[in-house]
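> Sequence:
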Amino acid sequence: MEARDIMSKDVIVLTPDMDVQEAADLLVRYRIHGAPVVDEKGMLVGMVSLVDLVGKAGGTVREIMTPDPVVAMEDTPVEELAQLMLDEMVRRVAIVRGGQVVGIVSASDIVRVYLDEVRGRRTPA
Numbered sequence: 001m002e003a004r005d006i007m008s009k010d011v012i013v014l015t016p017d018m019d020v021q022e023a024a025d026l027l028v029r030y031r032i033h034g035a036p037v038v039d040e041k042g043m044l045v046g047m048v049s050l051v052d053l054v055g056k057a058g059g060t061v062r063e064i065m066t067p068d069p070v071v072a073m074e075d076t077p078v079e080e081l082a083q084l085m086l087d088e089m090v091r092r093v094a095i096v097r098g099g100q101v102v103g104i105v106s107a108s109d110i111v112r113v114y115l116d117e118v119r120g121r122r123t124p125a
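Count the sequence shown with the working numbering and you get residues 1 to 125, in order.
Possibly wrong hints are sitting among the right ones.
Stated by the list, open to error - Taking lysine to aspartate or glutamate pairs in the EDC-like style, the calculated list, with each CA pair at most 20 Å apart, reads:
1. K41 - D75
2. K56 - E22
3. K56 - D10
4. K9 - D109
5. K41 - D10
6. K41 - D68
7. K9 - E74
8. K56 - D109
9. K9 - D52
10. K9 - D75
11. K56 - D75
12. K56 - D68
Unchecked claim - What follows is a set of in silico ranges between Cβ atoms, one per label pair, in the way DEER data are often shown:
13. E79 - V51: 23 to 31 Å
14. E63 - G120: 41 to 49 Å
15. E40 - M73: 20 to 28 Å
16. V111 - A57: 29 to 37 Å
Simulated from the structure, these hints should not be mistaken for lab results.
A virtual CB, placed ideally from N, CA and C, is assigned to each residue, including glycine.
Working from the sequences, and respecting the hints, build out all of it.
Structure, rendered in structure tokens:
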């Protein structure tokens, strides 16, 4: 199984010049814990999480975002994504094609894959 099989394709993105409050409102509205930041050409330039929103001072997304976020390609195996999240201590990985965001995989997506695998291995009683 690869990133393309489990990634969310309708990705909510933020822009660097977006007001921090507007970014917070978007995350809350869509019930997500973080989002990629893209420039005017749609290129990935950062990542913002709820932790960034409450833990960093700044008026714009650019001032609080984490630059150079952890990324993977669509054909990255799920096992590699899980290891990447553990190694980099992140809860989400942007899936990119040519520097543009085409999806996102969260820790919850990884857990769901492993739970489905465990459930599939159980034998009926």
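> Next step is simple, just say for each hint if it's right about the structure.
Hints versus structure:
1. K41 - D75: Violated. K41 to D75 sits at ~23 Å, over the 20 Å cutoff.
2. K56 - E22: Holds, because 15 Å separates the two Cα atoms, which is no more than 20 Å.
3. K56 - D10: Since the Cα atoms of K56 and D10 sit roughly 27 Å apart, the hinted pair is violated (cutoff 20 Å).
4. K9 - D109: Given that 20 Å is the threshold and the Cα spacing comes to 12 Å, the pair holds.
5. K41 - D10: At roughly 17 Å apart (the allowed maximum being 20 Å), D10 and K41 satisfy the hint.
6. K41 - D68: Answer holds: K41 to D68 is near 16 Å, not above 20 Å.
7. K9 - E74: holds (11 Å)
8. K56 - D109: Not OK: K56 and D109 at ~27 Å, beyond 20 Å, violated.
9. K9 - D52: violated (23 Å)
10. K9 - D75: holds (14 Å)
11. K56 - D75: violated (34 Å)
12. K56 - D68: Holds, at about 17 Å.
13. E79 - V51: 23 to 31 Å: holds (26 Å)
14. E63 - G120: 41 to 49 Å: holds (45 Å)
15. E40 - M73: 20 to 28 Å: Given a distance of about 23 Å, which is inside 20 to 28 Å, the answer is holds.
16. V111 - A57: 29 to 37 Å: Between V111 and A57, where Cβ atoms are some 32 Å apart, the hint holds.
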